[in-house]
Amino acid sequence: GEDVEQSLFLSVREGDSSVINCTYTDSSSTYLYWYKQEPGAGLQLLTYIFSNMDMKQDQRLTVLLNKKDKHLSLRIADTQTGDSAIYFCAETVAGGSYIPTFGRGTSLIVHP
Amino acid sequence: DSGVTQTPKHLITATGQRVTLRCSPRSGDLSVYWYQQSLDQGLQFLIQYYNGEERAKGNILERFSAQQFPDLHSELNLSSLELGDSALYFCASSAQGDNQPQHFGDGTRLSIL
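Protein chains in written order, with my numbering: chain A, 1 to 112; chain B, 1 to 113.
Certain hints may be false.
Said to hold, decoys possible - Using 20 angstroms as the maximum straight-line C-alpha spacing, the simulated EDC-like pairs for lysine to aspartate or glutamate come out as follows:
#: 1; chain 1: A; residue 1: Lys-68; chain 2: A; residue 2: Glu-38
#: 2; chain 1: B; residue 1: Lys-9; chain 2: A; residue 2: Asp-3
#: 3; chain 1: A; residue 1: Lys-36; chain 2: B; residue 2: Glu-62
#: 4; chain 1: A; residue 1: Lys-68; chain 2: A; residue 2: Asp-16
#: 5; chain 1: A; residue 1: Lys-56; chain 2: A; residue 2: Glu-38
#: 6; chain 1: A; residue 1: Lys-36; chain 2: A; residue 2: Asp-69
#: 7; chain 1: A; residue 1: Lys-67; chain 2: A; residue 2: Asp-3
#: 8; chain 1: A; residue 1: Lys-70; chain 2: A; residue 2: Asp-16
#: 9; chain 1: B; residue 1: Lys-57; chain 2: A; residue 2: Asp-3
What the hints assert, rightly or not - Derived, one-sided and incomplete: chain B residues facing chain A with beta-carbon distance under 8 angstroms:
#: 10; residue: Ser-2
#: 11; residue: Thr-15
#: 12; residue: Tyr-50
#: 13; residue: Phe-69
#: 14; residue: His-73
#: 15; residue: Gln-102
#: 16; residue: Gly-105
#: 17; residue: Asp-106
#: 18; residue: Gly-107
Source of the hints: derived by calculation from the structure; they are not laboratory data.
Note that this is a predicted model, so its numbers are computed, not measured.
Backbone N, C-alpha and C define an ideal beta-carbon position, used for all residues, glycine too.
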């Protein structure tokens, strides 16, 4: 079955890099997504990667995918206080309904 | 702004009551998804509609129902409400085609007293 795991909290200092990790169990995943949720708001799509890619970079965001270890990470360079939010990892799998399975979210706290 | 509109933002009601949550998808999106987010369960998929037809069903209780109208807006009906139904309810929409990323509304916060 599908299962997506994330650590619950990450605390970093402003200006440092943040790395949020995610593991999944289904090897037939097709797309993997990162969403950001700020307080009182919905989930905002940050970026996504197709499963045949190893890396995707978009400005301060770098996504790394290790298919062998079923591990996905989101690196945020030069982390700012405005990056404080909950980050959700999600995957869709081939042959299914293409409804993403979401992790429980990682709460990123950025302190001065 | 995701382009997905949900109303109302907040809803406070009592046990046993019935409520209707409304969602307008992004312009051009045919798929609408409903999710429930609570502290203990995380983000749970409830149901998906595509162009007016039910496409996929998740962990949706029998007390809950949804529909998508010809203008593509959707409503989620929650009845015989229980304290445990207190949660954030999100609507998301996506473009035509499999694996299209979902775009979320800001949610409706439902509080049952």
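Legend entry - Numbered hints the structure breaks, given as an ascending list: Structure breaks hints 1, 2, 3, 4, 5, 6, 8, 11, 12, 13 and 14.
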